[in-house]
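A.B. asks: Listed below are the residues making up each chain.
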Amino acid sequence: MTAAPSDEELMAAYVGGDRPAFAELFRRYAPRIQRLMQRDLGGAEEAHDLVQQTFLQLHRARRDFRAGAKLRPWLFTIALNLKRQHFRRLGRRPETSLSFEGGMEPVASRGNPESRVGDVQLRAALERLPEAQREVIVLHWFEGLTFREIAQTVGASQPAVKVRAHRGYNSLRKAMGTSV
Amino acid sequence: MSKPGTTSSRTVSIECQDVQAALRRGEMPEPDALTEHVEDCPVCEALVAAQEPLAGALRAPDEPFAFDELLAEVDAAIERDQGARAWLHSQPTPWRMLLAVLGAAIVPVAIMLTWGRVDLGVYPTNRWVVDLFVLIAPLALALVVVLRPVHRPAWPRWVEPVAVGLGVLAVLVGPMLVVAHQDHPASLGGTGPDLWRAAAVCLGLGTAMGLPLVPWLTALRRQGEGWSQPTLLAAVGAGITGVLAIFMHCPIVAPEHLLLGHATVLVPFVVLGLWGLRR
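Residue numbers (our numbering), protein chains in the order written: chain A, 1 to 180; chain B, 1001 to 1279.
The set of hints was computed from the structure by calculation and includes no laboratory data.
Glycine included, each C-beta is placed from N, C-alpha and C at the ideal position.
Any given hint might turn out to be false.
[Unchecked claim] One side of the interface only, derived from the structure: several residues of chain A facing chain B at Cβ under 10 Å:
#	residue
1	GLY17
2	ALA21
3	PHE26
4	PRO73
5	ARG128
6	ILE137
7	ARG173
8	MET176
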C-alpha cells in the first residue's frame, strides 16, 4: 500500500498537467476554504464564489509554485487575500459567524441554551478582536495551521504571530470569563 | 528559559503543535508535560486557558459541501480561462514583471530613438538623471504593486494609496524645479500665445502613448474578473509612462508647459482608474 501523495507532490503533478491532482487538492482543501470564507461571510453563495476564485487563482499561479515550498500556506494566503479584497470591495469588516446555516454550530450546544449563549459570546469576542489577531486565531485554532505556516500566510515573523495569538487567546479568555 | 515553541523536558517533551493537536481532539495533554510546557510558552498557556469555549466551536459538524458541483464550476472557470490573456497571467511572476517592464519601456525608448528631443545635447546630465529617476521610481513601484501575486501575503492597505500619491507627485516635480536650461531655441517655445496649443498637443500625445499600457498591465495581473482594486494604480503607472514618453520627445522646458501639457497627462488615467474601481 502506498502512502497518499503530499500536497506538494500533487501540486507538482498538476503543474505538470495532471488534472486529477487538482481534483484531489480541491477535495482536500475546498471544504476548509469554504469554512474559512463562510466563517466571516455568513452567506454560502459569497463563500462559494470565493472558494472558486481561490482555486482559479491557484490554477493561474501554478507556475509560481516552487519545489520545496509548502502548499498549505500558499493556498490559505490566496484565500485570505481574496477575502480581504472582497471586504474592501464591499466596504465592510468581516463578521465572525459560528452558527450560520449548516455551518459551525457546535455539536455540544445544540438545544443547550447555556452553550448557545457561549457561542454567541465567543462570536462577539472574536468579532471584537483586531483583524490581525482574529486572523491568527482562526488559522491556528480553527484551521490547525502551525505558527510557521501562519507566519508565511500572513507575512509576519513567527514571534509576531505568536504575540498576536497570545493576545488574541487572552482577550478571548477574558471576554468569555474563563479562568486559567 | 527556552523559547516558546519547544520545551526541553525532564520527563516528557511536548511542543506547541502537540498541545494544539491534543486540544483540537478535545483532549488535554499529559498534565506534567503541559505544566512544564506552558511555564515557558505564554501562547499555549493562553490557548489552554481559552480552549473551553473554542473547543465547543471546533466540535462542529462539517457543513454539507457540494463538492462535485463546486469542482465542476471551478473546472468550467479554468476551461474558460483560455487565450492570450490567460497565457499572460499564467506566466511566472518574474516573467510577468519582465513583460510589464518591456511594455512600459518600449514606447519611451522608441520615442527616444526615433523622435527624441532635439535639445538632448544641451540638457544638463545631472538634471536628466533626476528627471528620469523621479518618473521611473514610482513607475517601478506601481508595476511591483500591481503585479504582486495573490499567493504572497498582502502588503498593508496604505501601500497602494501611497504608490498612487507618489505617482501624482512625480509628474508635478518637473514643473516645480528650476528651468533645466535655455540653451536651445526649441526649448523656449510653448509659452505665451502658444501655451494652450502646445500643451494640448503634448497632453494628447502623452495620453495616446501611455494608454496601451493599461490593457497590458490588466492582462498581466492575475486578480479575478471584478477584482479591480489595483486598477487605479495600473492606470497611474500607464499615465507616468505617457509622461515619460512625452518627456523623451518634447524639448520645451517652461514650467507652465510642463504643468499643463505633461503633468496633466496623468489626469485622464486617474479618471480611467477611478472609473475602473467603480465597476
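A.B. asks: Evaluate each hint against the coordinates.
C.D. replies: Okay, the hints, checked on the actual structure:
1. GLY17: Interface hint status for A/GLY17: violated (13 Å vs cutoff 10 Å).
2. ALA21: It is violated, given that the least Cβ distance between A/ALA21 and chain B is near 13 Å, above 10 Å.
3. PHE26: holds (5 Å)
4. PRO73: holds (9 Å)
5. ARG128: violated (14 Å)
6. ILE137: holds (8 Å)
7. ARG173: At 4 Å from the nearest chain B Cβ, A/ARG173 passes the 10 Å test, so the hint holds.
8. MET176: holds (5 Å)
Violated hints for the displayed structure, listed by number in ascending order: 1, 2, 5.
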